[in-house]
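Undergrad: Chain by chain, the residues run as shown.
There are 2 protein chains.
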Amino acid sequence: MKRAEIIAVGTEILMGQITNSNATFLSRELAELGVYVYFHTVVGDNPARLREVIEIAEARSDLLIFTGGLGPTPDDITKQILAEHLGKDLVIDEPHLKKISDYFTISKRPMTENNKLQALVIQGSAVLKNDFGFAAGMFLTSGRSSYMLLPGPPSEMKPMFKEYARPLIAASMNGDSIHLESRILHFFGIGESKLANDLADLIEQQTNPTLATYASDNEVEIRLTASARTQDEALQLLDNLEAEILCRDGEFVYGYGDTTLADVAISKLLLHHITIAAAESLTAGLFQAELGDRPGISEIFRGGMVTYHTDIKEKLLGVSHDVIKREGVVSAACAKEMAEQIRLKCEAQMGISFTGVAGPESLEGHPPGTVFIGLSVAGYATETHLFTFGRDRNHNRYRAVKQGFQLINRFLEEKLPKSADKNAR
Amino acid sequence: MKRAEIIAVGTEILMGQITNSNATFLSRELAELGVYVYFHTVVGDNPARLREVIEIAEARSDLLIFTGGLGPTPDDITKQILAEHLGKDLVIDEPHLKKISDYFTISKRPMTENNKLQALVIQGSAVLKNDFGFAAGMFLTSGRSSYMLLPGPPSEMKPMFKEYARPLIAASMNGDSIHLESRILHFFGIGESKLANDLADLIEQQTNPTLATYASDNEVEIRLTASARTQDEALQLLDNLEAEILCRDGEFVYGYGDTTLADVAISKLLLHHITIAAAESLTAGLFQAELGDRPGISEIFRGGMVTYHTDIKEKLLGVSHDVIKREGVVSAACAKEMAEQIRLKCEAQMGISFTGVAGPESLEGHPPGTVFIGLSVAGYATETHLFTFGRDRNHNRYRAVKQGFQLINRFLEEKLPKSADKNAR
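Top to bottom, those sequences are chains A and B. Start counting the first sequence at 1; every next residue gets the next number (UniProt numbering). Start counting the second sequence at 1; every next residue gets the next number (UniProt numbering).
I should point out that these hints are in silico values taken from the structure, not numbers from a laboratory. Ideal placement from N, C-alpha and C gives every residue a C-beta, glycine not left out. A few of these clues could be false.
What the hints assert, rightly or not - Sample of chain A residues at the chain B side, in silico, Cβ under 7 Å:
no.: 1; residue: THR24
no.: 2; residue: SER27
no.: 3; residue: VAL37
no.: 4; residue: SER193
no.: 5; residue: SER216
no.: 6; residue: GLY292
Please construct the entire structure, taking both the sequences and the accompanying hints into account.
TA: Here is the structure:
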């Protein structure tokens, strides 16, 4: 198996003016090819430092993939420095030179000397065509290492890689022919440490598939990656490990792949054409804004209220004076009436409500993070749920919205006939 | 002047699952501080390779900034490997441990052993607080090198850097006694190319201060950075250049530094205690959610409605049947009534409304991007404004919200007595 290193050459990346998204693209492509990427390096347009980076990379990687520094200006130095380092000459690639001069002939513009520089390639390298620019790409092997040179602009680099570079790498690897398959599982309602604890032995013993947990925004995801000689074998390895994980913490899994809690809930609502309305206090429109994010949501989203002030809850939404006086606005009773009232007022089948304390101040004696969510569905008893989150205002608001979508997910899963939406991986 | 290297630790970056955007952020911040970033490195969660990377970095850089690998799971190894490499112990940071255990007490969830791991820090390091997560940051100097450890999730890393790490780096550099001062000017309502064109000579001739434009989210910002032997001199350089810029495009500047259009508008509303309510269609709660973002907003935010469906506009909000039938919901007349009705219904001094076509479909014959915003203020004639944005659904929604805040800004600027809020840089 090859070990690759991706080396981006460009001071603009080190200045933070652009992000090294080329490395992301190439890493993903190489993972699919079964090439291990062990390092990304970014170095500026500086001959001495680039030379140093090449030497370090040769010592630890088999395949060095360079992006950037192939342009016509004096700060473009990648092929010059590498040629010098390898003791090779730069030579004109005639087909490439013809392509460049043809362009200038057709566009009736004068061709400058530095345009010709872009047709120079390292002697002995396979030339990679650039269908979207002038800089030629290169691939060569010298000593123990292989070198690939790609242009910096993603609009040139990506098509060059897919069309011309990828087949070369695949061919150079055909001894191994390893299939890599990945799968992502999304969890909500369980912390990363708890999950890691439950799966400690699987994490400890992992070899193939590998297993990694990532936490972000109150969620955890697990990525499984398997390698095998065939795709079927790799998928089978993933299925086996997934089954073991689901067996332990399956109740917290809400989806696979490129999805979110809101996506899953909204897809179900759309599929079953269940109309919805919302009454929000502490979340102040965040839940409804998330609905509004989806094209086509007007099929099911009726509308709602942001009942920030207490008297808006009472006068506009119609929560009873009695409940507010007796139980307060941070209460299950208030959440219940909010959900029911908004459902009726908006003539929806489902009404959801959010009331509680975002913080930083306490409210009615309840600390920040105290949140009640109500869910009223025509024909069912209204549910209310109490959550106690943390101290951070915006954490509490976003967390509450996620929790709302999760309650909808749960409700629909339990109350609706099972449908064939399990294959969305 | 210091030479820095940014080292991201995480196999997920090498797999192409996430992009190393942390390096972009840090590079920009360090450039502002006058620290040269010569290398970015990404390495996986692998002890041997991380050790190797540390050794290489120590040989070529003065300041090693690590991101990632500070979590509670076994594949989080950054501080463990660095401590071992430096021959230092990991010790519990008591304030940090208390913060973690407080969280679990408040949220009534059990704290697992590996949560405690996140309170471990390298002996002798300054601990950087994490206001948005559990992983403590660290800064220490040992031998010829300084080491900074930051968490991987950008939502934790960025505020930690700005709040706690940046001042430490700035202080550690005062040997050079060059004062760097930066100033950020925010523009709304002018495109980046137009602005760059207006300031072409200033951009061309820039040396000190430097001047860079950045476009994002329908806004443009200009960052000026001056260096001088004293702070006063640096500030004077900034003042001179700023005056020239304001002279040319001052009408589009809405604020300075770490602010947003919404911040500026909300601060003014709070200052003058003007109560507000909103009726939103295409924005579906985004505007109100932005209000809800601010602690203390309940002083002035009454509440509002999301009138997504037409009959909600009519039945719940009270837009007249006549207007909807004659002019449609995508109309100035509808925006006017929405703003007026929500102001009256919520007993607020200011009512704002958003109605239009988010897309991708047209509505009532209007193409996506057609947006009407109404602004009704007690004692003033109601304003309505028509905007024609682009084709992208979410672009249109976010753009509309910004435009709403800008209308509020303009209204308050024109109608309110000038106040002394000019110094908020």
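Undergrad: Holds or violated: A:THR24 as interface residue toward chain B, Cβ cutoff 7 Å?
TA: Where the cut-off is 7 Å and the nearest Cβ of chain B is about 4 Å from A:THR24, the hint holds.
Undergrad: Given A:VAL37 as an interface hint, is its Cβ closer than 7 Å to any Cβ of chain B?
TA: At 5 Å from the nearest chain B Cβ, A:VAL37 passes the 7 Å test, so the hint holds.
Undergrad: Given a cut of 7 Å on the nearest C-beta pair, is the interface hint for A:SER216 held or broken against chain B?
TA: 6 Å, holds
Undergrad: Holds or violated: the hint that A:SER193 contacts chain B, with Cβ atoms closer than 7 Å.
TA: 5 Å, holds
Undergrad: Would the stated hint for A:SER27 survive a check requiring a Cβ distance to chain B of less than 7 Å?
TA: 3 Å, holds
Undergrad: Could you check if A:GLY292 really has its C-beta closer than 7 Å to a C-beta on chain B?
TA: Holds - the Cβ of A:GLY292 comes within 7 Å of chain B, reaching about 3 Å at its closest.
Checked against the numbered hints listed earlier, the structure breaks none of them; every hint is satisfied.
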